[in-house]
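Protein chains in written order, with the working numbering: chain A, 6 to 288; chain B, 5 to 580.
Worth flagging that the hints you see were computed from the coordinates, not collected in a lab. A portion of the hints provided could be inaccurate.
In silico EDC-like pairs for lysine to aspartate or glutamate, Cα to Cα no more than 20 angstroms straight-line [as the list claims (entries may be wrong)]:
hint, chain 1, residue 1, chain 2, residue 2
1, A, LYS248, B, GLU122
2, B, LYS557, B, GLU531
3, A, LYS74, B, ASP318
4, B, LYS126, A, GLU243
5, B, LYS373, A, GLU180
6, B, LYS373, A, ASP188
7, A, LYS240, B, GLU122
8, B, LYS415, A, ASP188
9, B, LYS396, A, ASP188
10, A, LYS242, B, GLU123
11, A, LYS232, B, GLU123
12, A, LYS214, B, GLU173
13, A, LYS232, B, GLU122
14, A, LYS214, B, ASP45
15, B, LYS143, A, ASP17
16, A, LYS235, B, GLU123
17, B, LYS557, B, GLU285
18, A, LYS235, B, GLU122
19, B, LYS223, B, GLU244
20, A, LYS248, B, GLU123
21, A, LYS214, B, GLU441
22, B, LYS541, B, GLU522
23, A, LYS240, B, GLU123
24, A, LYS249, B, GLU125
25, A, LYS242, B, GLU122
26, B, LYS267, B, GLU213
27, B, LYS448, A, GLU218
28, A, LYS242, B, GLU125
29, B, LYS396, A, GLU180
To give a feel for the contact side, a few chain A residues facing chain B, derived at Cβ under 7 angstroms [claimed, not checked]:
hint, residue
30, THR142
31, LEU187
32, ALA227
33, GLY230
34, THR231
35, TYR234
36, LYS248
Cβ coordinates follow ideal geometry from the N, Cα and C atoms, glycine included.
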Amino acid sequence: MQRTFLSYIPVDSIFMKVSASTKLSFFFLFNFYPFFISNPLLNFLSGIIAFLLTLRARVNLRTISKYYKLFLTLAFIIFVSSAFFGESLAGPSREVIVRLGPINVYKGAMAFGLEAYSRVFALVCGMLFWLAITTGTELFAALEKLRIGYNLRISIVMIFRYFSVFDGDYHVIREAEKSRALDLSTIPIYKRPLHFAYYLVPLVMLVIKRALETGAAMESRAFKGTKLYKGMISKGKETYLTKKYYRLERVDVLAIISMIAILAVILVGRFYFGWAWFMNPFY
Amino acid sequence: MPREVVVEDLWWRYAGGDWILKGINFTVDEGEFLVVVGPNDSGKTTLARSLNGLIPHSVRGDFKGRVLVSDMDTLKQGIGGVSTKVGMVFDDPEAQFILTKVEDEVAFGPMNLGLSPEETEKRIMWALQVTRLEGQIFKEPADLSGGQKQRAAISATLAMRPEILVLDEPTSMLDPIGKAEVMSVLRDLKEKQDITIIVFEHHLDELVEMADRFMLLYKGEILREDKTRDFFSDPSFLYEKGVRVPEVCLISEKLERDGIFDKVYLTLSQASRSLSKHLKERPSIAPAEKEAREFETLGDEIIRVEGLHYRYPDGTIALRGIDLTIRRGEFIAFIGQNGSGKTTLSKTLNGLLRPTKGRVSVFGMDTTKVSTVELAQRVGYTFQNPDHQLFKGSVKEELEFGLDNLSRIGKLDPTEKKGRISEAMKTAGISEGLLEEHPYMLSKGLRQRVAIASIIAMKPDVLIIDEPTTGQDMSQSIEVMRFLDGLNKLGHTLIVVTHEMWVVANWTKRTVAMLNGEILLDGPTREVFSRPDELMKTFVQPPQIARLAQDLKNYGYPPVVVTVDEFYESTKELLR
Numbered sequence: 006m007q008r009t010f011l012s013y014i015p016v017d018s019i020f021m022k023v024s025a026s027t028k029l030s031f032f033f034l035f036n037f038y039p040f041f042i043s044n045p046l047l048n049f050l051s052g053i054i055a056f057l058l059t060l061r062a063r064v065n066l067r068t069i070s071k072y073y074k075l076f077l078t079l080a081f082i083i084f085v086s087s088a089f090f091g092e093s094l095a096g097p098s099r100e101v102i103v104r105l106g107p108i109n110v111y112k113g114a115m116a117f118g119l120e121a122y123s124r125v126f127a128l129v130c131g132m133l134f135w136l137a138i139t140t141g142t143e144l145f146a147a148l149e150k151l152r153i154g155y156n157l158r159i160s161i162v163m164i165f166r167y168f169s170v171f172d173g174d175y176h177v178i179r180e181a182e183k184s185r186a187l188d189l190s191t192i193p194i195y196k197r198p199l200h201f202a203y204y205l206v207p208l209v210m211l212v213i214k215r216a217l218e219t220g221a222a223m224e225s226r227a228f229k230g231t232k233l234y235k236g237m238i239s240k241g242k243e244t245y246l247t248k249k250y251y252r253l254e255r256v257d258v259l260a261i262i263s264m265i266a267i268l269a270v271i272l273v274g275r276f277y278f279g280w281a282w283f284m285n286p287f288y
Numbered sequence: 005m006p007r008e009v010v011v012e013d014l015w016w017r018y019a020g021g022d023w024i025l026k027g028i029n030f031t032v033d034e035g036e037f038l039v040v041v042g043p044n045d046s047g048k049t050t051l052a053r054s055l056n057g058l059i060p061h062s063v064r065g066d067f068k069g070r071v072l073v074s075d076m077d078t079l080k081q082g083i084g085g086v087s088t089k090v091g092m093v094f095d096d097p098e099a100q101f102i103l104t105k106v107e108d109e110v111a112f113g114p115m116n117l118g119l120s121p122e123e124t125e126k127r128i129m130w131a132l133q134v135t136r137l138e139g140q141i142f143k144e145p146a147d148l149s150g151g152q153k154q155r156a157a158i159s160a161t162l163a164m165r166p167e168i169l170v171l172d173e174p175t176s177m178l179d180p181i182g183k184a185e186v187m188s189v190l191r192d193l194k195e196k197q198d199i200t201i202i203v204f205e206h207h208l209d210e211l212v213e214m215a216d217r218f219m220l221l222y223k224g225e226i227l228r229e230d231k232t233r234d235f236f237s238d239p240s241f242l243y244e245k246g247v248r249v250p251e252v253c254l255i256s257e258k259l260e261r262d263g264i265f266d267k268v269y270l271t272l273s274q275a276s277r278s279l280s281k282h283l284k285e286r287p288s289i290a291p292a293e294k295e296a297r298e299f300e301t302l303g304d305e306i307i308r309v310e311g312l313h314y315r316y317p318d319g320t321i322a323l324r325g326i327d328l329t330i331r332r333g334e335f336i337a338f339i340g341q342n343g344s345g346k347t348t349l350s351k352t353l354n355g356l357l358r359p360t361k362g363r364v365s366v367f368g369m370d371t372t373k374v375s376t377v378e379l380a381q382r383v384g385y386t387f388q389n390p391d392h393q394l395f396k397g398s399v400k401e402e403l404e405f406g407l408d409n410l411s412r413i414g415k416l417d418p419t420e421k422k423g424r425i426s427e428a429m430k431t432a433g434i435s436e437g438l439l440e441e442h443p444y445m446l447s448k449g450l451r452q453r454v455a456i457a458s459i460i461a462m463k464p465d466v467l468i469i470d471e472p473t474t475g476q477d478m479s480q481s482i483e484v485m486r487f488l489d490g491l492n493k494l495g496h497t498l499i500v501v502t503h504e505m506w507v508v509a510n511w512t513k514r515t516v517a518m519l520n521g522e523i524l525l526d527g528p529t530r531e532v533f534s535r536p537d538e539l540m541k542t543f544v545q546p547p548q549i550a551r552l553a554q555d556l557k558n559y560g561y562p563p564v565v566v567t568v569d570e571f572y573e574s575t576k577e578l579l580r
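Produce the complete structure using the sequences and hints provided.
Printed below as a string of structure tokens:
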């Protein structure tokens, strides 16, 4: 199995054969798409496609199911709060679909809630798909080929690299809280935010410590690169990582061109032609 | 011999702080193996980081003096330049990984140097061969054991082909197997590679056989510096200064004082050979009955584990059919290599983990039917890293945290809080002056004690402590263990999860050795250590002094000697 940022995929998975740049273009497509599309149906479709691709990649879903639950639950809260309590989102028509006791459910607010939820749904599914099939080194190689600055490149890789470590710390902190007679799962949901600060103190301190230690290790290995290394990059020469991970096969070229084309169609269709089917039809 | 490292009148203080290094002067010759020892806060890590330029280039502070590495002045050269001469390995194997595959991780350094893909590949293969990690080349660092991770970190450093390798406490976070792996790599490097090695360490048993020279750093100054043999000529002095002197050296000193030895021996084999000349072959003398008597005075059964199995959500089977009984007043050690199930077992005892199969009952309560909060009042748990369990902005608030939670659920009268905190502080040796300090501003040892005190304040009957001595020097470790021993004498039942066999031997009364999720050995500590062949299956070795006694068992040593004092008493009796 090949470990990725968030999970594992079999070494014979189809997405192991895809180049680092193709994976990076998946990231751009799935994560920029929902920002330009307000039609919930298209966003849900995008999310479902991303999820189906996750299945196709044979990702170990057990390792990422909790992220689906977490983020989609948060998204559901956004939906409920805007759909049922968003009077300011009701729109000029203020058409009421249904009355639930003192609460008026407005068509405009419901449409907005659905749109917000669908965008998050698409983003979450797309992001988790990308994180589940990409390794840190592939991302580093892809960004190197795009001549993204060294500091930015390494920072991006480190954010994703330490996501699962951060997650592990969070779980230990939760256990430590329980050992001190604080179990948030037994506290009413509306009181829980009051206790979130207890996570923050140790999490932040651990992050700072790790950052200092990792920074020291990186500097000890000529982080930022020597003049020779920078010269190689500026001349477009291959480094060890780009030679290994940045092979562009015909299918990669086709995939990247297709995704760029899809994004271009979306942008042109949305902002130039104003195509209706990119808009939310539920208003 | 040409001088590889020259440190001249080095002074350093962090911005706004006191001087940490105070006029350090020393040299290291080409190809030499130097070990730097000293208690925590003596300046070891600061000195290590001065050798590769991290100090002063990455840290704000005041630097005086000069550090030359292969004639390169670290003050004038950037870290990138110094890294071509000095490679550095840190104590935390996890924090040294930037990329997500061993091969790529080892490539990171050479790539930054601008080497071609072909040259980088050659260096990767060479470095992995030196550390015997060729078989792990495609593995992810997260899937490696602690020892393998640290060896990968050494490979990643070696791939830059430094002339000098500096290792800052490379084994402090490793289990016994991991330590042995790293030591084996260092031995190979010394014997087969042309490299100068400087190790900053607490664990010296193997290093005394490898190192050319030792240096004692104490409160920022070099207190002693000598060839290995001469450095250990006065073990008591080193011990007083917080050095974890090998037990063989300590017993040799006692026997030298009595005129039995002519010098202090550094290794088990040397001491064994010398002692055997003074002794005659005879049957073992009777072992001490002290432990048997202590067992008779233990209280009633408080924890019962029956047929316990545990499987993690990712499918890992951590426990396979554990049966265990714990009585009131016991002081137990759980030992075994990483992944043996020690921590998983201890977490099932306070409900942090619920059995997949089987039953755990704590004071008659089935842990699957009781909340973790309820169990937390009876079984306290402290984690290995104190930073995971400090939640508040002051020591006072930290001590109050658990008590506030108990008050909120009606399990504690708020008027009792003050008294409990006062008692916990006294027991843990936390002074009033620390109450307003931020816990994260304290040393690791103090943070650990604050974490333990905050649990003690909740007055649990049982206290489980995961690795109480990790990252602590000798004096701090003894202080923590004496404090825990004091708690045990007050009636608390204690369980420590540890890799330190000298801690187990000197303080715990019962030892549970685990392997692959099962209990391999369970009994009085001395009895467990008297079965080295079985213990080896857990990749745990008895303390050095116990091994010496076992080596000399044909000369009458009892099989259950586990401390230096016991060995000394047995020797006097045998020589009578």
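Results for each hint:
{"no.": "1", "hint": "A:LYS248 to B:GLU122", "result": "holds, 10 angstroms"}
{"no.": "2", "hint": "B:LYS557 to B:GLU531", "result": "holds, 15 angstroms"}
{"no.": "3", "hint": "A:LYS74 to B:ASP318", "result": "holds, 16 angstroms"}
{"no.": "4", "hint": "B:LYS126 to A:GLU243", "result": "holds, 16 angstroms"}
{"no.": "5", "hint": "B:LYS373 to A:GLU180", "result": "holds, 18 angstroms"}
{"no.": "6", "hint": "B:LYS373 to A:ASP188", "result": "holds, 15 angstroms"}
{"no.": "7", "hint": "A:LYS240 to B:GLU122", "result": "holds, 18 angstroms"}
{"no.": "8", "hint": "B:LYS415 to A:ASP188", "result": "holds, 14 angstroms"}
{"no.": "9", "hint": "B:LYS396 to A:ASP188", "result": "holds, 17 angstroms"}
{"no.": "10", "hint": "A:LYS242 to B:GLU123", "result": "holds, 14 angstroms"}
{"no.": "11", "hint": "A:LYS232 to B:GLU123", "result": "holds, 17 angstroms"}
{"no.": "12", "hint": "A:LYS214 to B:GLU173", "result": "holds, 17 angstroms"}
{"no.": "13", "hint": "A:LYS232 to B:GLU122", "result": "holds, 19 angstroms"}
{"no.": "14", "hint": "A:LYS214 to B:ASP45", "result": "holds, 17 angstroms"}
{"no.": "15", "hint": "B:LYS143 to A:ASP17", "result": "holds, 16 angstroms"}
{"no.": "16", "hint": "A:LYS235 to B:GLU123", "result": "holds, 17 angstroms"}
{"no.": "17", "hint": "B:LYS557 to B:GLU285", "result": "holds, 9 angstroms"}
{"no.": "18", "hint": "A:LYS235 to B:GLU122", "result": "holds, 18 angstroms"}
{"no.": "19", "hint": "B:LYS223 to B:GLU244", "result": "holds, 14 angstroms"}
{"no.": "20", "hint": "A:LYS248 to B:GLU123", "result": "holds, 13 angstroms"}
{"no.": "21", "hint": "A:LYS214 to B:GLU441", "result": "holds, 19 angstroms"}
{"no.": "22", "hint": "B:LYS541 to B:GLU522", "result": "holds, 12 angstroms"}
{"no.": "23", "hint": "A:LYS240 to B:GLU123", "result": "holds, 19 angstroms"}
{"no.": "24", "hint": "A:LYS249 to B:GLU125", "result": "holds, 11 angstroms"}
{"no.": "25", "hint": "A:LYS242 to B:GLU122", "result": "holds, 13 angstroms"}
{"no.": "26", "hint": "B:LYS267 to B:GLU213", "result": "holds, 16 angstroms"}
{"no.": "27", "hint": "B:LYS448 to A:GLU218", "result": "holds, 16 angstroms"}
{"no.": "28", "hint": "A:LYS242 to B:GLU125", "result": "holds, 16 angstroms"}
{"no.": "29", "hint": "B:LYS396 to A:GLU180", "result": "holds, 16 angstroms"}
{"no.": "30", "hint": "THR142", "result": "holds, 4 angstroms"}
{"no.": "31", "hint": "LEU187", "result": "holds, 5 angstroms"}
{"no.": "32", "hint": "ALA227", "result": "holds, 4 angstroms"}
{"no.": "33", "hint": "GLY230", "result": "holds, 5 angstroms"}
{"no.": "34", "hint": "THR231", "result": "holds, 5 angstroms"}
{"no.": "35", "hint": "TYR234", "result": "holds, 4 angstroms"}
{"no.": "36", "hint": "LYS248", "result": "holds, 4 angstroms"}
In terms of the numbered hints stated before, the structure departs from none.
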